[in-house]
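Visitor: As a plain string of letters, each chain reads:
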Amino acid sequence: MSALVGGLLSPLLTPTHALALLALGLLIGQERASAPSIAAFIAGLTAGLVAIAWAVGETWAPDILLAAAAVSAGLIALAQPLPRIVPAGLAAVIGVALGLDSPPEVISVGAATAMLIGTGIGAGLAVALIAAGAQQLTRWWQRLGLRIVGSWIAASAVLVLALRYGHGLMF
Amino acid sequence: MKQSPQAPLLAALFLALALASTPAAAHTGSMQGGFVGGLAHPLFGLDHIIAMVAVGLWGAFLGPPAIWLLPVVFPLVMAAGGVVGILGVPLPGTEIGIALSAVVLGLMVMLAARPPLAVAAMLVGAFAVFHGYAHGAELPPGADAVTYCIAFVIATGLLHLAGVAFGLSARWPAGRFVVRAAGGAIALGGTAFLSLVG
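These protein sequence lines map, in sequence, to chains A and B. Note that the working numbering has the first sequence beginning at 1, numbered continuously upward. Note that the working numbering has the second sequence beginning at 1, numbered continuously upward.
Errors might be hidden in some of the hints.
Just the calculated beta-carbon pair ranges, DEER-fashion [unchecked claim]: (1) B:Pro64 / A:Ser2: 45 to 53 Å; (2) B:Leu91 / A:Ala132: 36 to 44 Å; (3) A:Gln135 / B:Val119: 53 to 61 Å.
Looking from chain B toward chain A, a few residues come up when the C-beta cut is under 7 Å (computed) [stated by the list, open to error]: (4) Val72; (5) Ile86; (6) Pro90; (7) Leu91; (8) Leu111; (9) Gly157.
If you're looking for bench data, these hints aren't it; they were derived computationally from the structure. The structure presented is a predicted model; accordingly, all values stated were derived computationally and were not measured. Beta carbons are placed, not taken as given, at the ideal position from N, Cα and C, and that holds for glycine.
Model the full structure from these sequences, guided by the hints.
Guide: Quick look at the structure:
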């Protein structure tokens, strides 16, 4: 598998990343706040990926990612209209954390760069597609289903956070 | 309502899973990790299955907004119970609480009880703590635990939705009778589990 493809698939194959992307995409779609939130996500993700490319040390990124996923999913379950700044802020936080939690698993500079670019494209596309899909859910039962899925994601994220804490994996 | 052609197949599958389950088998403390393990965990404990289905049944029986509120409240509070279990904080009477959840929720359905929404949510939430604790206390160590957590939340939610789907038949008189009878059966099953763990 090429480094670029590996990077593209990385956010989808890492359970905590996929959980966060799903929560964020659904929240953006539910709140119909696509443009500013996706822009904030891309900006945050770029910043995170650049920082990890500069080999910053171990950070709280995995825990912050899960916490932001839990908050986003909790907001989906609540389904209340939010100020645009809320999904955009969460998008920026998730973007930075996801970038920082995606160290390239290759040694050469070229392959590492390709992997980081792939991660950026994969994560950005995933959020945009999930948000676009969630915006199409307009029937009452579809909106209810969204809230139920939100509660599942929030519960999963909280449990994984507790597990990290319980097993001493937190930063 | 037009019945789905897959309905008999799904019912048979559900029945087979229920019959293959053993009392409290979901909480024996020995299971494999990963997504499949997490998905299977709630499905191989009959006490857990009937309580989860009862949550959905009662939600459907009460109608909106309980039909979505109860399946939303349960996993959120269950996660809180799971955190307590993961952190190793003792919670006495967990198995009794789980069995009692089937008894009480089954009775609510059988008696067609319609308490205020907040009371229904608090009742369901209180029992969710015990179910979450049992799951949390037995989470397998290792990297697979992440997918395990996600999978068992999904499995629990799907059991709720199965209950909601079945409970929607209460719109018709015959369906209402069947749903209430199912509530009675759940309460009886819970009583049996209660006698085993009590």
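Visitor: May I ask which of the numbered hints given earlier this structure violates, with the numbers listed in increasing order?
Guide: Per hint list: 3, 6, 7 and 8 violated.
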